[in-house]
Structure formats: C-alpha cells, structure tokens
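The sequence shown runs 21 to 208 under the numbering used here.
No lab work stands behind these hints, which were simulated from the structure alone.
The beta carbon of each residue, even a glycine, is placed where N, CA and C say it ideally should be.
Certain hints may be false.
What the hints assert, rightly or not - As a list, the in silico SDA-like pairs of lysine to any residue whose alpha-carbon atoms are at most 20 Å apart:
1. Lys-100 - Lys-24
2. Lys-207 - Lys-137
3. Lys-137 - Pro-96
As the list claims (entries may be wrong) - Cβ pair distances, simulated, as ranges:
4. Asp-163 - Asp-113: 33 to 39 Å
5. Met-21 - Lys-56: 31 to 37 Å
6. Ala-131 - Gly-158: 43 to 49 Å
7. Ala-131 - His-26: 20 to 26 Å
8. Gly-158 - Asp-129: 42 to 48 Å
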Amino acid sequence: MDTKEHILSSAQRLVQQRGFNGFSYADVADEVGIRKASLHHHFASKADLGVALVEAYTAQFDQALADIDRAATTAPEKLKAYVAIYRATLNSDRICMCGMLATETMTLDAAMLPRLKRFFVRNTEWLAQLLAEGRSQGVFAFDGAAADHARAVLSMLQGASLVCRSSGDMDAFDRTTAILVNGFMRKG
21 MDTKEHILSS
31 AQRLVQQRGF
41 NGFSYADVAD
51 EVGIRKASLH
61 HHFASKADLG
71 VALVEAYTAQ
81 FDQALADIDR
91 AATTAPEKLK
101 AYVAIYRATL
111 NSDRICMCGM
121 LATETMTLDA
131 AMLPRLKRFF
141 VRNTEWLAQL
151 LAEGRSQGVF
161 AFDGAAADHA
171 RAVLSMLQGA
181 SLVCRSSGDM
191 DAFDRTTAIL
201 VNGFMRKG
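All chains, please: the whole structure from these sequences, using the hints.
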C-alpha cells in the first residue's frame, strides 16, 4: 500500500469510528507514520481529504454492489447481501462512512456534499432496481414506487446502524433488518 492509500485507509477508519470532525491531520499522520507536512503534500486540506474519502468509499461501495449483482441470482439474495455489507461494517466497529458524514452535513466543506449526495443517489437507484426486479420476479410485493421503498431501505439500514452503534445491540440490528427483508417477501 502506498502512502496515499495508507492515508485514505486510516482516515476512512477514523471517519467511520469518530466522524469527520472527530479526527485531525495529526491523528492520521501519527497512524500512518508520517509528518503532517507530508500529509499536506498528498491532501492540501482536510476538505481535499474528505472529497477523496467520499470518492474512494463510493467506488468501494460500487464494487460491492457489482459483486452482489455477479454473485447473487435472486432479488432476496441480493437484498440480504446488501444488508450484510452494513452488518460487516458494524462487526468491524465502524458504520457506513457516508452515513457518518451525513450526520455532519452542516459542518462539512461544500465540496464534499455533491459527492456525498451521489453516494446516496447511487445506492437508492441500485436498491430501486433490485426491488423492481424482485417485484417482476414475483418474489417481492409492495405498493407504490420502487424508488420510494429504496429510500426507506437505505434510511432503515443507516438508522439501524446508528442505533445499534449507540446501544451496542447487534441482535436488534439483526431483528430490524429481518423485518426489512421479510417485509418485501410475497406472502403465499
């Protein structure tokens, strides 16, 4: 891993655990083993680092979505795999980086906001396509637009992650996401 990748990896973990406002360049420099001046060589400002973080995280998530599309064959399998991303993140004592950033929107640099919005739009679009696919396969049943339900899925997962993190109750996360997945399944 080169220095820039190491910086991004360290900063991503810090954001996922503490929030963007909860770490400093000194924290990252100490963890990576470089001077703050070297960190500024790669990212002139914390906002520049933030932009790069959101872009890198979105690319990671896009890859995870592509992996789900390749590996899972049914809509329920895909939805469960999507939920598993959030569970795995919680298992590593983190939450979704963009979810964490969304809690800090009012204090983020304006350059980060369009990229953060893109993350949520991309996930909503993918989920809407998945839900529509499940409905057309006859395995999901829901009223209304798939996009509306997709926003609800994303909101529920983000919220369940925050609540689980604050309560430490992983079983509650699992019960919540089971309700989510089972709620789409066609009955009978």
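| query | So which of those numbered hints doesn't the model satisfy? | reply | Of the numbered hints, 1, 2, 3 and 5 do not hold.
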